[in-house]
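> Chain residues, written in single-letter form:
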Amino acid sequence: MNTVTLTVKKQPELYLECENVNTDAFAGKKAADIAKLGAYQGKEILTLGDFFTITGEAGATAADTKIIVNGDCTKMKYLGAKMTGGEMIVNYACDMYTGSWMKGGKLTVNGDVHSFCGLALAGGEFTINGNAGNYLGAAYRGDWRGMSGGVLRVKGNAGSDVASFMIGGEMIIEGDVDIHLGTHMEGGKIILKGNANRRVGGQLVKGEIYVFGKINVMMPGYKPVGEKEMEVDGTKATFVDYLGDLGERHPKRKGETVYGHLYMKK
Amino acid sequence: MSEYIIKNGHVFDPTQGIKGDKKDIAVKDGKIVDKVGSSAKVIDAAGKTVMAGALEVHAHVAGPKVNAGRWYRPEDKHFDSHKKPGITRIEGGKSIPTVFKTGYEYARLGFTFAMEAAMPPLYARHVHEEIHDTPIIDEAALPVFGNNWFILEYLKNHEVENTAAYIAWILRQTKGYGVKCVNPGGTEAWAWGLNCLTIHDPVPYFEITPAEIIKGLIEANEYLGLPHSMHLHQNDLGNPGNYKTTIDSLKLAEGIKATNNFGREQVLHSTHLQFHAYKGTNWGDFESGAKEVMDYVNKQKNLTIDTGNVTLDETTTMTADGPFEHHLHGLNHLKWFNVDVELETAAGIVPFIYDPNNAVFASQWAVGLEIALYAKDPMRCFITTDHPNAGPFTRYPRVYSWLMSKKVRDERLNSFKKADKVISATNLANMDREISLYELAAMTRAGPAKCLGLSKDYGGLKPGMNADIAIYNINPDKFPSSGPEIEKAFANVAYLFKSGKICVEGGKVVDMGHKETFWVDAKVKENKQVMHDVREKFLRYYSVNEANYPVPESYAPHQHIISVDATKA
Chain D
1 MNTVTLTVKK QPELYLECEN VNTDAFAGKK AADIAKLGAY QGKEILTLGD FFTITGEAGA
61 TAADTKIIVN GDCTKMKYLG AKMTGGEMIV NYACDMYTGS WMKGGKLTVN GDVHSFCGLA
121 LAGGEFTING NAGNYLGAAY RGDWRGMSGG VLRVKGNAGS DVASFMIGGE MIIEGDVDIH
181 LGTHMEGGKI ILKGNANRRV GGQLVKGEIY VFGKINVMMP GYKPVGEKEM EVDGTKATFV
241 DYLGDLGERH PKRKGETVYG HLYMKK
Chain Y
1001 MSEYIIKNGH VFDPTQGIKG DKKDIAVKDG KIVDKVGSSA KVIDAAGKTV MAGALEVHAH
1061 VAGPKVNAGR WYRPEDKHFD SHKKPGITRI EGGKSIPTVF KTGYEYARLG FTFAMEAAMP
1121 PLYARHVHEE IHDTPIIDEA ALPVFGNNWF ILEYLKNHEV ENTAAYIAWI LRQTKGYGVK
1181 CVNPGGTEAW AWGLNCLTIH DPVPYFEITP AEIIKGLIEA NEYLGLPHSM HLHQNDLGNP
1241 GNYKTTIDSL KLAEGIKATN NFGREQVLHS THLQFHAYKG TNWGDFESGA KEVMDYVNKQ
1301 KNLTIDTGNV TLDETTTMTA DGPFEHHLHG LNHLKWFNVD VELETAAGIV PFIYDPNNAV
1361 FASQWAVGLE IALYAKDPMR CFITTDHPNA GPFTRYPRVY SWLMSKKVRD ERLNSFKKAD
1421 KVISATNLAN MDREISLYEL AAMTRAGPAK CLGLSKDYGG LKPGMNADIA IYNINPDKFP
1481 SSGPEIEKAF ANVAYLFKSG KICVEGGKVV DMGHKETFWV DAKVKENKQV MHDVREKFLR
1541 YYSVNEANYP VPESYAPHQH IISVDATKA
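The listed protein sequences correspond, in order, to chains D and Y. According to my numbering, the first sequence holds residues 1 to 266 in order. According to my numbering, the second sequence holds residues 1001 to 1569 in order.
No lab work stands behind these hints, which were simulated from the structure alone. Even for Gly, the Cβ is constructed at its ideal location relative to N, Cα and C. Don't take every hint at face value.
Unchecked claim - Incomplete in silico selection of chain Y near chain D, CB under 8 Å: (1) R1070; (2) Y1072; (3) R1073; (4) D1080; (5) H1082.
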């Protein structure tokens, strides 16, 4: 696996749209070619070389490529977005759309991410070793196709509207979340190790949400139906099983209505 | 203005019967002329196809419903919204493009005129704001009448003269072009949670039937002698078994003759016929009814139709047929937008994915193509996608490729996941017809121009007509054989002239032209009854004051008014 290292040398005046900073865009390119890749700042198209010092070279394919990004990325959007393979490590906080529409590979951010990161994640592993903003792993604004695969892990807290419209995959939030977790969910699994504020699983059709901490105010559409002993992300515990959201439509399979589950750790 | 001479192109012009002969076209002062001086700029069109600019007869491209689609579907324009080099602005959106993209894309496809198919009179200002901002192409808009309280009350007593006077008043207030009628009675019934699925279902409260509304509007339209005929979106859209209602509605035009000074021969334009040509009783035994419907259309000379071809894309459905959109939302559970427009109409919006793996959507695709292929008179059948309902208009090149090449359409048909089911439910597999370039010119140029009453200036290349000319990189002697090649050739004109100016060159927009907004000013005898009713309705029901209702001239600064005198009718 070949490694490309990007070091921020100049801060963008506005925000820099790094749609070309991912293993797929870099694959098969040398440092000089990568420096020529375009990056929008507002309506201007500039190059990655204008903002980063680039060393090393990429592998022949995305899967053979590793990218390390150093320096302040708080004004960089779309880092690692749409990548399909390989590895990428960002050693600083970064802005919106980081790791969105990922299909494969491994992306690690050693810092916080802003809102709208990991949108519609379809595959791969996305790990955030800091906090995340709102709409983490949700569908893009307006869209109804949210996270469908892969694993998204946040070591810190996340904001509101996390995992909206989730249809598959797994999300682990080790800290707390604000309101609207898993709204409109229709599949997949959310593990929340901390607490949630309100409206967990609103209009949830299918899928599972595990909550280790407390929910400030529970949704009225959830009904407890029993208890279960389970191992969830390495923790063995007893969970209370709630069916829901009873106010939402639910599909039928083999004559039986399929509900979503909210498991609350006892 | 500069002079041009387009040399050695293969010209297709049904208005003069020119079928691909090599002919030079001269352009001067925005018009096509017999000859130009020796200093005229020469455009070499050797090995290329030359046609008049195309006309869009039915699309939803401007106004509150289109814009609601834009703001509630940010996901439609998220990717590909960067500024590109050149004089164009950012082009966002796929199924509901921005006004700028709408103008550029039509121009790149070779269009020079587009009809906005449904203007709610109350929100006409918004429609005109968007039309004004759409570059290059000329446009007009059809106000909707089929569920308007005035119309329902007048036609209940068959008061054609009052209906006509009210239509003339609305056209002037809204700067509208003609009479659109969407799901007659059904949209008003929707306010009661009901619908009108046949032409004999009574409208609640008003006690009138869709049949009376359709016939009355046709008669009022001919009373006024408007350039375009009554433009109908029929009842029971998109439901299996609806072809009977479709033929019943078309029969209402029997015996009515076109009365106008614009060369228009039809009295009824039935739009997006694909959605109205289904047999069967449910989606399981659904079959194509295209043959039955087109057999009727072919023998009735006073009808025109457009196809409404499904393009098998993700798109956004939007119509004044409120109950239908609620029905769609129940099918796909995607976000539903619904609005009621006071005394006039309503609208609904639902995103829709015509998945080719689904036998129903694939069959709808086939029905749309059958409609065009069964049409005996290409001057009365026009190609549309009911943009964006059956697909975005930017897919016209692909629709053309399916119509013009049996090979291309059979490849698509046979590669459907449920091809067997589609083939048995439709007739498309047995159809060998391939639409020629000459027929295409009739279906997209001369035909729509005549249908809209614009044949004096549009749709042909006769001296005296507008110099609206599309030149395609297509050599008719070596017509491309693969789908992608046909698509590429139609998607990007080599040149587009709009009123004598080159606006697109090599697929790139190079000039924003000087677009005009068309509307019809119909003069009628003073009608005290109608003016009294208008005053009363504004006082009692409307949320706006009568004085704030009209569209001021500043909203359509480049207006082109077509005057009609109906005072002696």
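> Measuring from the C-beta of Y:Y1072 to each C-beta in chain D, is the shortest one below 8 Å?
holds (6 Å)
> Do the numbers back the hint for Y:D1080, that is, is its least Cβ distance to chain D under 8 Å?
Given a least distance of 11 Å, the restraint on Y:D1080 is violated.
> So, Y:H1082 near chain D? Judge it on the closest CB pair being under 8 Å.
holds (6 Å)
> Against chain D, is Y:R1073 within 8 Å by beta-carbon distance?
Holds. Min distance 5 Å.
> Report holds or violated for the interface hint on Y:R1070, using the least CB-CB distance to chain D and a cut-off of 8 Å.
violated (10 Å)
Of the numbered hints given earlier, the model fails hints 1, 4; all others are met.
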